[in-house]
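2 protein chains.
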Amino acid sequence: MSKKLTARKEDYSKWYNELVVSADLAENSAVRGCMVIKPYGYAIWEKMQAELDRMFKETGHQNAYFPLFVPKSLFEAEEKNAEGFAKECAVVTHYRLKTDPENSSKLIVDPDAKLEEELIVRPTSEAIIWSTYKGWIQSYRDLPILINQWANVVRWEMRTRLFLRTAEFLWQEGHTAHATKQEAIEEAEQMNDVYAKFAENFMAIPVIQGTKTANERFAGAEETYCIEALMQDGKALQAGTSHFLGQNFAKAFDVKFATKEGKLEHVWATSWGVSTRLMGALIMTHSDDQGLVLPPNLAPIQVVIVPIYKGEEQLAQISEVAEQLAADLRKAGVIVKYDNRDTYKPGWKFAQYELQGVPVRIAIGPKDLEKGSVELARRDTLTKEFVSQEDVVEKVKSLMIEIQENLHNRARDYRDSHITEVDTFEEFKEVLKTKGGFISAHWDGSSETELKIKDKTKATIRCIPMGQKREEGKCVFTGNPSTQRVLFAKAY
Amino acid sequence: MSKKLTARKEDYSKWYNELVVSADLAENSAVRGCMVIKPYGYAIWEKMQAELDRMFKETGHQNAYFPLFVPKSLFEAEEKNAEGFAKECAVVTHYRLKTDPENSSKLIVDPDAKLEEELIVRPTSEAIIWSTYKGWIQSYRDLPILINQWANVVRWEMRTRLFLRTAEFLWQEGHTAHATKQEAIEEAEQMNDVYAKFAENFMAIPVIQGTKTANERFAGAEETYCIEALMQDGKALQAGTSHFLGQNFAKAFDVKFATKEGKLEHVWATSWGVSTRLMGALIMTHSDDQGLVLPPNLAPIQVVIVPIYKGEEQLAQISEVAEQLAADLRKAGVIVKYDNRDTYKPGWKFAQYELQGVPVRIAIGPKDLEKGSVELARRDTLTKEFVSQEDVVEKVKSLMIEIQENLHNRARDYRDSHITEVDTFEEFKEVLKTKGGFISAHWDGSSETELKIKDKTKATIRCIPMGQKREEGKCVFTGNPSTQRVLFAKAY
Chain G
110 MSKKLTARKE
120 DYSKWYNELV
130 VSADLAENSA
140 VRGCMVIKPY
150 GYAIWEKMQA
160 ELDRMFKETG
170 HQNAYFPLFV
180 PKSLFEAEEK
190 NAEGFAKECA
200 VVTHYRLKTD
210 PENSSKLIVD
220 PDAKLEEELI
230 VRPTSEAIIW
240 STYKGWIQSY
250 RDLPILINQW
260 ANVVRWEMRT
270 RLFLRTAEFL
280 WQEGHTAHAT
290 KQEAIEEAEQ
300 MNDVYAKFAE
310 NFMAIPVIQG
320 TKTANERFAG
330 AEETYCIEAL
340 MQDGKALQAG
350 TSHFLGQNFA
360 KAFDVKFATK
370 EGKLEHVWAT
380 SWGVSTRLMG
390 ALIMTHSDDQ
400 GLVLPPNLAP
410 IQVVIVPIYK
420 GEEQLAQISE
430 VAEQLAADLR
440 KAGVIVKYDN
450 RDTYKPGWKF
460 AQYELQGVPV
470 RIAIGPKDLE
480 KGSVELARRD
490 TLTKEFVSQE
500 DVVEKVKSLM
510 IEIQENLHNR
520 ARDYRDSHIT
530 EVDTFEEFKE
540 VLKTKGGFIS
550 AHWDGSSETE
560 LKIKDKTKAT
570 IRCIPMGQKR
580 EEGKCVFTGN
590 PSTQRVLFAK
600 AY
Chain F
110 MSKKLTARKE
120 DYSKWYNELV
130 VSADLAENSA
140 VRGCMVIKPY
150 GYAIWEKMQA
160 ELDRMFKETG
170 HQNAYFPLFV
180 PKSLFEAEEK
190 NAEGFAKECA
200 VVTHYRLKTD
210 PENSSKLIVD
220 PDAKLEEELI
230 VRPTSEAIIW
240 STYKGWIQSY
250 RDLPILINQW
260 ANVVRWEMRT
270 RLFLRTAEFL
280 WQEGHTAHAT
290 KQEAIEEAEQ
300 MNDVYAKFAE
310 NFMAIPVIQG
320 TKTANERFAG
330 AEETYCIEAL
340 MQDGKALQAG
350 TSHFLGQNFA
360 KAFDVKFATK
370 EGKLEHVWAT
380 SWGVSTRLMG
390 ALIMTHSDDQ
400 GLVLPPNLAP
410 IQVVIVPIYK
420 GEEQLAQISE
430 VAEQLAADLR
440 KAGVIVKYDN
450 RDTYKPGWKF
460 AQYELQGVPV
470 RIAIGPKDLE
480 KGSVELARRD
490 TLTKEFVSQE
500 DVVEKVKSLM
510 IEIQENLHNR
520 ARDYRDSHIT
530 EVDTFEEFKE
540 VLKTKGGFIS
550 AHWDGSSETE
560 LKIKDKTKAT
570 IRCIPMGQKR
580 EEGKCVFTGN
590 PSTQRVLFAK
600 AY
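If you're matching them up, the sequences are chains G and F in order. Be aware that the first sequence starts at 110, since it is given in the numbering used here, and climbs by one per residue. Be aware that the second sequence starts at 110, since it is given in the numbering used here, and climbs by one per residue.
For reference, chain G alone in the conformation it holds in the complex (with noise of 0.2 Å):
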């Protein structure tokens, strides 16, 4: 944990991977692709699934359970969806396992237990949720249906990474069910909203809402809407996703209501998510060469209080002060650690914390007990400074709206500065070469261009920002006419 982390200019991938695993967020386990979340990455995730539970709960979502398993026939229903994910789905086929009659001490699947229909573990919900939704849905008097799911997914990705990519990962789906297309277009819209909102209030992420391409939907939807994120090395990270799924999956499953006036018709449908691949968008965003940075909101350990003393009646005297402090900051709503450990040196307990991104730091020694102060450093900055002991709490509660705000302007600055307007595809392959960020270009609308750039750059259309003024230009590739530009990037 000493251990110095690789300078991000060196080696950016390093760095985070280093980061990840030292700052005890996440490490990978005997399972190939899958993640063990550590107690204090988890902790940021349950920060993040708490307010978006509350956001979704407030835009009238209730939260339910489906089957882990969807069954091969049901998987296959919506040919779209089906096809996007077979190629990564892990398959359940036996349900016992057995000794070895070669080795007692070993297991074997048991041949005589295989299934008769094949189970795929869920890659993601819809197949098993319209399948259920059949059976809920008669009339319009059942519509809409509006239900999120906290759970894991799989997808068998063949390169992982902690949190951006993993065999595994934990999510949440919405999936609702409306009466019109139009209802459905804004759910989808609403909750790409919400995303985005959360990732720019709470997490201090800058994202630019759009839709994405046909090449980069999602399989089985007609739409999809997209928050997109820039991270500091240059590429984008598509941050949360949103999709209008039109009637596909509800004639797939024949799921029909009767309308007022009597008639029979296909039900419109939505489905929306984020993952923990929130937690590499949030590290890639804030954090530097020293560790982790955290925003307040999202911080397990808003403030940590370290003594630094010789001897036990030293410490006596400082943890008189540093509890009633960390007593005052409770009372005030700030989450305190005293950390008062004897087996570890205040050297190494900084560095520590400075790893983990804790966002104020309290150094209270016995000059400060004489001084009646303390020394308050800022993560965010590396900045430090004496505060009287009386101002610490007021300090302290204004440094938590500052910091998160600090955070914020800071990543916008460098997102905005990392958006450039190209009209030629010298300039397209060169700013990507030194500079990365969103390129902004001209595009003829055509999948066999986008297909053609990503080939030579690797860079894929990010999203078409919404909202964005139309402006008549020539495609960057082919010359051909174009009404509005598009981001390209390159991306995790």
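Keep in mind that a hint or two might mislead.
Remember, identical chains collapse to one label, so a pair may be satisfied in a single copy or spanning two.
Computed list of lysine-lysine pairs in DSS-like fashion (alpha-carbon distance at most 27 Å, straight line) [stated by the list, open to error]:
hint, residue 1, residue 2
1, Lys223, Lys207
2, Lys223, Lys196
3, Lys458, Lys243
4, Lys458, Lys369
5, Lys344, Lys156
6, Lys189, Lys207
7, Lys156, Lys440
8, Lys156, Lys166
9, Lys215, Lys365
Derived from the structure by calculation, the hints contain no laboratory data. The structure presented is a predicted model; accordingly, all values stated were derived computationally and were not measured.
We have chain G already, so just place chain F on it with the hints.
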């Protein structure tokens, strides 16, 4: 929903199944043995989770997340545990599907995507967690580890029933690591206490704390503590277990720590869990022939207000009073729903909320407007009274406490009157047949006797109660000497 439930006397099991489905708690899914937990049922589970989570954190535990899959080689490392779960586990053998060459609209398992090592869907996580703890524990400084996980697990049960026994269920599993045997035993006992307090104070379910006999112990445990509840049909239900695992898993996964004195020793372990099975316990402790009865602590809706009206004008007048009342109740911390839907009649609503166990129903009609009153109905006693509008908030506040206590008392009285001391096997069989409940009898301590009794009566030893006085006696079956009574019952 308007169909009456089968009476409990007539067919308890049928009553249970009908109630779970018609009160919108859960239903069977397209996947054999797996359930869909519907929003209303899930909202109750969320309340249980929130309270348990609070209690776990208060006792120093943190949440984390470990992989869904256990590689077969890890699964089989702790022999007894492996043996205990091998016969009912879902096995992932492949990681890809492909288009069926004989039918392009179908998918088949891709034989080229066979896993080198099969993965077991976790039936419990000791194996994967202890293989992880090996990397976390070097010295006494790393202990104790106090971790809990909220997760889904899979046990391929042949006979399933909603909430009580399902192939997939939701649970929490605590997994702790300690430096000493004593500390681990204290942890296991502490968590069983937490479960008992939760059941009694929060769920209003009286439980008996005890230890399991060797036959009934968790596979891999040295001691299993449990809380046992009694259902209305005289059958017992194990509502939670806490295991002292000794050094079994530490030895299987070679987890050692350096003591303060520098010696290397194996770590001591516990694990403990409760699951969505608690929903079954809740239902079968409190509910009646009219449907679910919920203690206020667990009610997603604590008070429902139903307007009784003819025409829009009357509805507007009633709504004014109802909405003010709802606001006042919310201010007092009560969860209220004002159901002014015009798509359903009051009678339908009354039946529905009765079926769903809403603790208090308030009806407001035109006469109430005149008199300044409301009609208030209690779900637990099925009694009604008129209450003046200005007294409603205070009345409801005190009812929330009163109903919670009443349900607890009622269940405890039933339970207490269904613990029967018997001293002969004839009596044993007679009580089991005519009255059910717990039978307190002497037992000679041998597994053989226990299994013979089970074989003859289907009754098992539910627990050896804790803190019970010693009493010399003779085994009810063999006549061999015994030092204390144990509790037998038929069980879920």
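Measure nothing new, just compare the shortest in-copy and cross-copy C-alpha distances for Lys156 and Lys440 to 27 Å and report within, between, both or neither. both (20 Å within a copy, 26 Å between copies)
Pop the pair Lys215 and Lys365 into one bin, within, between, both or neither, using alpha-carbon distances up to 27 Å. For Lys215 and Lys365, only the inter-copy Cα distance (24 Å) is at most 27 Å; the intra-copy one is 51 Å.
First find the shortest C-alpha distance between Lys458 and Lys243 inside one copy, then the shortest across copies, and answer within, between, both or neither for a cut-off of 27 Å. Between copies only: 24 Å across, 56 Å inside.
Lys223 and Lys196: within-copy, between-copy, both or neither at 27 Å Cα: both (22 Å within a copy, 13 Å between copies)
Is it within, between, both or neither when you check Lys156 against Lys166 at 27 Å Cα-Cα? both (16 Å within a copy, 15 Å between copies)
From the Cα coordinates, with 27 Å as the cut-off, is the pair Lys458 and Lys369 best called within, between, both, or neither? Between copies only: 21 Å across, 66 Å inside.
Is it within a copy, between copies, both, or neither that the alpha carbon of Lys344 lies no farther than 27 Å from that of Lys156? Only inside one copy: Lys344 and Lys156 sit 26 Å apart there, 41 Å across copies, limit 27 Å.
Intra/inter-copy verdict for Lys223 and Lys207 if alpha-carbon distance must be at most 27 Å: Both: 12 Å inside a chain and 19 Å across chains, each within 27 Å.
Between Lys189 and Lys207, at a C-alpha cutoff of 27 Å, which is it: within one copy, between copies, both, or neither? Result: close only across copies, 13 Å inter versus 38 Å intra.
Against the hints set out earlier in the document, no violation occurs for any number.
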